[in-house]
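Protein chains: 2
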Amino acid sequence: MKTEIITIGDELLIGQVINTNQAYIAEKLYAVGVDVLRMTTVGDEGEEILASFAEAWKRYPVVIVTGGLGPTHDDITKKTVCKFFDSDLVSNEDVRRTIAARMKTRNIAWTQAHEEQTMVPRKAKVIPNPVGTAAGMLFEENNRYFFVLPGVPYEMKAMIDQSVIPFLSTKVTGSVIRHLTLRTSGIPESMLAKQLGDIDTLLQGAKLAFLPSPTGVRMRITVHGENLLSVEAKVGEVEQRIRAKVEKHIYGTGEEELEEVLGHLLAERKLTMAVAESCTGGLIADKITNVSGSSTYFERGLVTYSNWSKIELLGVPEELIRTHGAVSKEVAEAMAAGIRRLAGTDIGISTTGVAGPTGGTPAKPVGLVWIGYADKETTLALRFNVGDDRKRTKERAAQTALELVRRRILKIE
Amino acid sequence: MKTEIITIGDELLIGQVINTNQAYIAEKLYAVGVDVLRMTTVGDEGEEILASFAEAWKRYPVVIVTGGLGPTHDDITKKTVCKFFDSDLVSNEDVRRTIAARMKTRNIAWTQAHEEQTMVPRKAKVIPNPVGTAAGMLFEENNRYFFVLPGVPYEMKAMIDQSVIPFLSTKVTGSVIRHLTLRTSGIPESMLAKQLGDIDTLLQGAKLAFLPSPTGVRMRITVHGENLLSVEAKVGEVEQRIRAKVEKHIYGTGEEELEEVLGHLLAERKLTMAVAESCTGGLIADKITNVSGSSTYFERGLVTYSNWSKIELLGVPEELIRTHGAVSKEVAEAMAAGIRRLAGTDIGISTTGVAGPTGGTPAKPVGLVWIGYADKETTLALRFNVGDDRKRTKERAAQTALELVRRRILKIE
Chain A
20 MKTEIITIGD ELLIGQVINT NQAYIAEKLY AVGVDVLRMT TVGDEGEEIL
70 ASFAEAWKRY PVVIVTGGLG PTHDDITKKT VCKFFDSDLV SNEDVRRTIA
120 ARMKTRNIAW TQAHEEQTMV PRKAKVIPNP VGTAAGMLFE ENNRYFFVLP
170 GVPYEMKAMI DQSVIPFLST KVTGSVIRHL TLRTSGIPES MLAKQLGDID
220 TLLQGAKLAF LPSPTGVRMR ITVHGENLLS VEAKVGEVEQ RIRAKVEKHI
270 YGTGEEELEE VLGHLLAERK LTMAVAESCT GGLIADKITN VSGSSTYFER
320 GLVTYSNWSK IELLGVPEEL IRTHGAVSKE VAEAMAAGIR RLAGTDIGIS
370 TTGVAGPTGG TPAKPVGLVW IGYADKETTL ALRFNVGDDR KRTKERAAQT
420 ALELVRRRIL KIE
Chain B
20 MKTEIITIGD ELLIGQVINT NQAYIAEKLY AVGVDVLRMT TVGDEGEEIL
70 ASFAEAWKRY PVVIVTGGLG PTHDDITKKT VCKFFDSDLV SNEDVRRTIA
120 ARMKTRNIAW TQAHEEQTMV PRKAKVIPNP VGTAAGMLFE ENNRYFFVLP
170 GVPYEMKAMI DQSVIPFLST KVTGSVIRHL TLRTSGIPES MLAKQLGDID
220 TLLQGAKLAF LPSPTGVRMR ITVHGENLLS VEAKVGEVEQ RIRAKVEKHI
270 YGTGEEELEE VLGHLLAERK LTMAVAESCT GGLIADKITN VSGSSTYFER
320 GLVTYSNWSK IELLGVPEEL IRTHGAVSKE VAEAMAAGIR RLAGTDIGIS
370 TTGVAGPTGG TPAKPVGLVW IGYADKETTL ALRFNVGDDR KRTKERAAQT
420 ALELVRRRIL KIE
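Read top to bottom, the protein sequences are chains A and B. Per my numbering, the very first residue in the first sequence carries number 20; after that it's consecutive. Per my numbering, the very first residue in the second sequence carries number 20; after that it's consecutive.
One or more hints might be untrue.
No distinction is drawn between identical chains; accordingly, a pair holds when it is met within one copy or between any pair of copies.
[Claimed, not checked] Below, simulated EDC-like cross-link-like pairs (lysine to aspartate or glutamate); rule was C-alpha separation at most 16 Å, straight line:
1. K102 <-> E64
2. K410 <-> E276
3. K21 <-> E66
4. K47 <-> D29
5. K144 <-> D107
6. K383 <-> D29
7. K348 <-> E266
8. K430 <-> E46
9. K289 <-> E279
10. K176 <-> D408
11. K144 <-> E256
12. K267 <-> E432
Worth flagging that the hints you see were computed from the coordinates, not collected in a lab.
Isolated chain A (complex conformation) (with noise of 0.2 Å):
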């Protein structure tokens, strides 16, 4: 079933908030199979609503409206959608006893406003507002669906679930769509393109989208069809052939972040393990506690940022960074070493680099960053170049320092 959302709301087009309701029905209309072909977003202004509406309706058998259904002055999508389907208002006993009940919960005392929401267009089906005052819609022709939900979140969110969902669930009927996100860190889109050779042997029909970010490039699958479980097994085929060319990048599927999975692979393993941070920061630290449980494998992260606090704090012998300087293989081994030595942990992880933006040298150019590794039989420092801009130098290589040690455990490569 194609479907076109459209949201309502001056705040959306001065970029004043995000649009995380269409996001939200998107992903829920999609867990059901219900197709999102097209979003649109227009402001509090009856003819550009009107405008939206036409051709949404022409486009598409199912339209979900939100926004513009409060009580104030600049909600005017319910005299609007009245407009669009020649429709008149009348009061609603239903949506009256419920405003009345969470007044009297909330002691408010009835109002104008209240009176106002009573009125649903005569056309419509009432959708329950199981959290506020503002009713939904719905219009039905043909087999055609028009909804019309308040666009608080939390009111929304209620009546796509309680509501919408149940209701399109029971009307969709053919093809299903599954999909399956690859996670990868280490190599560039145009890197991984080549390495999975011809597309079309490897997809067969399905589809694969890459989206790259500073941390690593997602790979998604998606299979649409007719049977469930060939769709599913269609999926699981094409995860692995690409599985076959580029396994080793992958470190998770879906939502995982490499530090939970780093996580879970320290703690299956009894490992613990403690970071030594100079371009990164603290970065590092910060996103393997973000994970809950960290505690048990995380023993402790120093930021040593300044030349004394490597010496004093890691036992890095000055000599050392008189020789190589701060940023160089033989430094990022002995930060490494010398952090797991004293915290007594399996693994010592380090960086040191150019974060930029200034600081850079020709030797030594912005981006510049070795990441230090050592357990109990390995000490190595790999150099990177990660880029000129100081945080997205930052989150490159602290991604890359997990994704180390990740190869690391699971002896890759």
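Position chain B against the provided structure of chain A, taking the given hints into account.
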């Protein structure tokens, strides 16, 4: 100038990604007086994209498109826009040089995908991409402007800020809008509104929006008018009236982050600082080191997650932890004093709390945080309740700690 924003991507239609690009562009356009009248989102599907282009271009004189400009097969915007404007593709030497330079810095080999990224529509002007490989495009027809930008947020943002906004600013005529954002920390929206008193007396025709976030509430003043000088004067007057009421809560204006404001304060007074973090897990150090030049005042940060690391690294007496628990006023003070003494800095700060979601007790619930502060004369710790979500707890606690230092330096309260 009436404008439509079109965002392209299947990930938006299935609700996997929230459309922050739209809001970013809208906010920037609004600030220079360009009116966004509609926002449209379509998937990675040629016919839908083409239809949305045709509709938007018919409606309004400015269209801004983002998404689908990457190097992989699912990026079909470039092909589609060529079809729409009936243009062929030519390899562009400036774009080639930019990509080659970027590849060299990041040590990535040249591939067919990069070759394709040098190709731009013959009828378009190139909009340089200062942070990525996908060039933007501008099609111009009789004072009408059709922009196409990549969808990767930081690339899109750089191109909006550096090219699109400066260009469109010169085309806007007539009424003038000016904004000023005042950034506060440590006071909720409702309390701020109460302290501001009667809103009409305060604003005298200006508009004021409250924008809350986990790190504080921003207040945005907006003034419309015909004359730039009088509009700017009025913004200044409203600002002064607001400052007269709530000055101490305002740490900065515009896009200034608290860590930048604090960094200037420290640098200007030649003060140094060190941080000992438990529940914030490195986030304070991360924020401080996001500021270029922070190495002059930030000496070190310790993430003392385990009790043992608090004892060993900060000299917190074991007895203190046993008697009062790690989350206590006494331990927060000992941590702040300890890091200050050991790092030899002017100021030491600390955090210890229950980040959750587990580990709370009736006496020490999730969200309880003690923030410690030590300087030459004073050692103190303050208790805060910062919420029940792990990441938001960290965010709020980190911001509160930075704000505490700002207020101590400026002797506020």
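Evaluation of the provided hints:
no.: 1; hint: K102 <-> E64; verdict: within (14 Å within a copy, 33 Å between copies)
no.: 2; hint: K410 <-> E276; verdict: between (18 Å within a copy, 13 Å between copies)
no.: 3; hint: K21 <-> E66; verdict: between (25 Å within a copy, 15 Å between copies)
no.: 4; hint: K47 <-> D29; verdict: between (25 Å within a copy, 15 Å between copies)
no.: 5; hint: K144 <-> D107; verdict: within (13 Å within a copy, 52 Å between copies)
no.: 6; hint: K383 <-> D29; verdict: neither (45 Å within a copy, 41 Å between copies)
no.: 7; hint: K348 <-> E266; verdict: neither (28 Å within a copy, 49 Å between copies)
no.: 8; hint: K430 <-> E46; verdict: neither (35 Å within a copy, 47 Å between copies)
no.: 9; hint: K289 <-> E279; verdict: within (15 Å within a copy, 40 Å between copies)
no.: 10; hint: K176 <-> D408; verdict: between (29 Å within a copy, 13 Å between copies)
no.: 11; hint: K144 <-> E256; verdict: neither (42 Å within a copy, 43 Å between copies)
no.: 12; hint: K267 <-> E432; verdict: within (8 Å within a copy, 55 Å between copies)
Hint compliance for this structure: hints 6, 7, 8, 11 are not met, and every other hint is.
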